[in-house]
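Q: Residues per chain, in single letters:
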Amino acid sequence: MKKLILTTAALALSAGMAMADTVRLGTEGAYPPYNFINDAGEIDGFEREVGDELCKRAGLTCEWVKNDWDSIIPNLVSGNYDVIIAGMSITDERDEVIDFTQNYYPPTASAYVAASESADIEDVVAAQTATIQAAFVADSGATLVEFATPEETIAAVRNGEAEAVFADKDFLVPIVAESSGELMFVGEDVPLGGGIGLGIRESDAELKGKLDTAIASMKADGSLNALLKKWFGDDIATYGSDGSVVTN
Amino acid sequence: MFSFCADPDALGTFRWFSCYLTNGVHMSFYLSFVKVLVLLAITAPVALSFGFVGAMAARSHVLPVSWLGKGYIAIVRGVPDIAFFMFFVIALDQGFEWVRHQILCPDWTDPIRQGNDFLVCTSAKLPLGTSPEWVHETYGFFLAVITFSIVFGAFAANVLFGGMNAVPHAQLETAEAYGMTRRQTFWRVLVPQMWVYALPGLSNLWLVLIKATPLLFLLGVEDIVYWARELGGTKTSQFTAYPHPDWRMWYFLFLLFFYLGFTRVSEIVLERLMTRLSHGQATTGGEALRKQVTA
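Just so you know, the sequences run in chain order A and B.
Heads up, the first sequence is in my numbering, so the first residue is 1 and it goes up one at a time.
Heads up, the second sequence is in my numbering, so the first residue is 249 and it goes up one at a time.
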């Protein structure tokens, strides 16, 4: 019954919104492989492909918008774009302010990277501002140094400002691989967050429904898994056809 | 850009750089210089006129107008720039949308504020959700111009207010003694003379304005500092044909020269302007010029 009312309300709303079919997707563009700016100056990455496919399936015309991570939630709620697709983990704190779709990226492991094996991850640790990693470091007893962009957190470890950086493991893997031995993973991986979902305004139930259906259909036919493997390698956790997470 | 850029890995240093520096992202970087210069070119006169109106209001003999002018100066000067750019712009944007909403969708019953969300009807959105991206960017740019103008206008108003008060009172009295009205005195005697007093303060403001452009990115306008940070950041070979380590230092060094050069050019121009304005003025600068001519 409740669903019925919601659907009618959504229909009534959408009747007045003939032009509402253009959806603006907000991303950061500085977090490869999730999202980054490619050589041509366009937004590229795992989320670009997922977003384009979701829009196709949901029958939406989508446009991509770049926004600073710091102000990414305020700009969503004030309506400058309609969806956050920026590697944003689903957390309770964020869920109080915005809504999330189901995840399109399984719960992630975060990891520490340091410049030497003996680095003390209880000491000074760098993380990006307003991320689950920053919250975790603050709680872990280590001294947290926050930076506005992911790039600066890595630089802090390179120049010795921080002992280690704590971030999504998939962001760190290519950086460690190409650091010619200067950077390495230390300590254990930490599973954090409820996976990555699309951030939507709480009042936007209709759009959330459409995108949820589209994500479910991408999980069901395996196309999401193909993209996960393409961007994150074969070791990534994938989805079963019923949407459950399959770890490899 | 060049035909040999297809496989950057195989290129020598010079060709590698000629490809690297002309790829799509770098074009956006170069374009952002134009963007910043255009912003300055528009903002400076607009801010100056805001300042002029503000100073006129503050000097007004009508008390409420004078309060308005002084209030504007005091409030904007007291609020930190970053707060202005973070909150004022969102408020301004929402204000525009709210007004349009009231006019365009009178029979809308849902509340505009739902929890954290700000909801206006689709046709009141600014710009419309269906507009192409360049409209959104232009709108953001326009908001930036307004915000910069309001902020720098308040400082300019204070400088001009001081400049107007610095004009010797005897000059104004003489003008009145000749039978000029208050308006004539203002435009014919006060305004031409006050620039000399205001110019040092205004030139400071101009130099501060040049360097304030990184605040643009808070408004979603990608300025030169944003691109320097983005381009200079570590690039791994998985995501680009031109991998490189952290080169932000070089990009920022380039910006340093750009800003220094720009400031230097500004100084030269302002110095000339000062000489020009000092002609025939009853100030030490004007006196020095007079002696040069007669000597």
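Just so you know, these hints were derived from the structure itself, not from any lab.
A hint or two may mislead.
Here are the simulated distance ranges between beta carbons [to be verified]:
#1 A:G187 to B:K459: 37 to 43 Å
#2 B:L279 to A:S180: 30 to 36 Å
#3 B:L504 to A:P191: 49 to 55 Å
#4 A:D120 to B:P293: 36 to 42 Å
#5 A:T61 to B:I516: 34 to 40 Å
#6 B:F510 to A:G141: 22 to 28 Å
#7 A:V97 to B:W435: 52 to 58 Å
#8 B:P380 to A:A148: 28 to 34 Å
Cβ-to-Cβ under 8 Å is the rule here; a few derived chain A residues that face chain B [to be verified]:
#9 N38
#10 G41
#11 I43
#12 E49
#13 P74
#14 P174
#15 E178
This one's a predicted model, so the numbers in the text were calculated from it and none came from an experiment.
C-beta atoms are modelled at their ideal positions from N, C-alpha and C, and glycine is treated no differently.
Q: Compare the structure with each hint and give your call.
A: Hint check results:
Take G187 (chain A) and K459 (chain B): their Cβ atoms lie about 41 Å apart, and the range 37 to 43 Å holds. Remark: the range hint 30 to 36 Å for L279 (chain B) to S180 (chain A) is upheld by a beta-carbon distance near 34 Å. At about 43 Å, the beta-carbon gap between L504 (chain B) and P191 (chain A) misses the expected band of 49 to 55 Å. Checked against the given bound of 36 to 42 Å, the beta carbons of D120 (chain A) and P293 (chain B), roughly 56 Å apart, lie outside it.
Our hint of 34 to 40 Å for T61 (chain A) and I516 (chain B) is violated, since their Cβ atoms are close to 50 Å apart. Taken as a hint, the range 22 to 28 Å is violated for the pair F510 (chain B) and G141 (chain A), whose Cβ atoms sit roughly 47 Å apart. For V97 (chain A) paired with W435 (chain B), a C-beta distance near 54 Å keeps the hint of 52 to 58 Å intact. Checked against the hint of 28 to 34 Å, the pair P380 (chain B) and A148 (chain A) passes, with Cβ atoms roughly 29 Å apart.
Nearest Cβ of chain B to the Cβ of N38 (chain A): about 7 Å, under the 8 Å cut. The hint holds. Residue-level restraint check for G41 (chain A) holds (minimum Cβ-Cβ distance to chain B is 4 Å; threshold 8 Å). For I43 (chain A), the interface hint is violated, the least distance from its beta-carbon to any beta-carbon of chain B being 11 Å, above 8 Å. At about 13 Å, the closest approach between the beta carbon of E49 (chain A) and any beta carbon in chain B exceeds 8 Å, and the interface hint on this residue is violated.
Annotation: P74 (chain A) was flagged as interfacial toward chain B, and the flag holds, the nearest CB pair being 7 Å apart, inside 8 Å. Against a cut-off of 8 Å between C-beta atoms, the interface hint on P174 (chain A) holds, since the closest Cβ of chain B lies about 4 Å away. The interface hint given for E178 (chain A) is met, as the beta carbon of that residue sits about 5 Å from the closest beta carbon of chain B, less than 8 Å.
Hints 3, 4, 5, 6, 11 and 12 from the earlier list are contradicted by this structure; the remaining hints agree with it.
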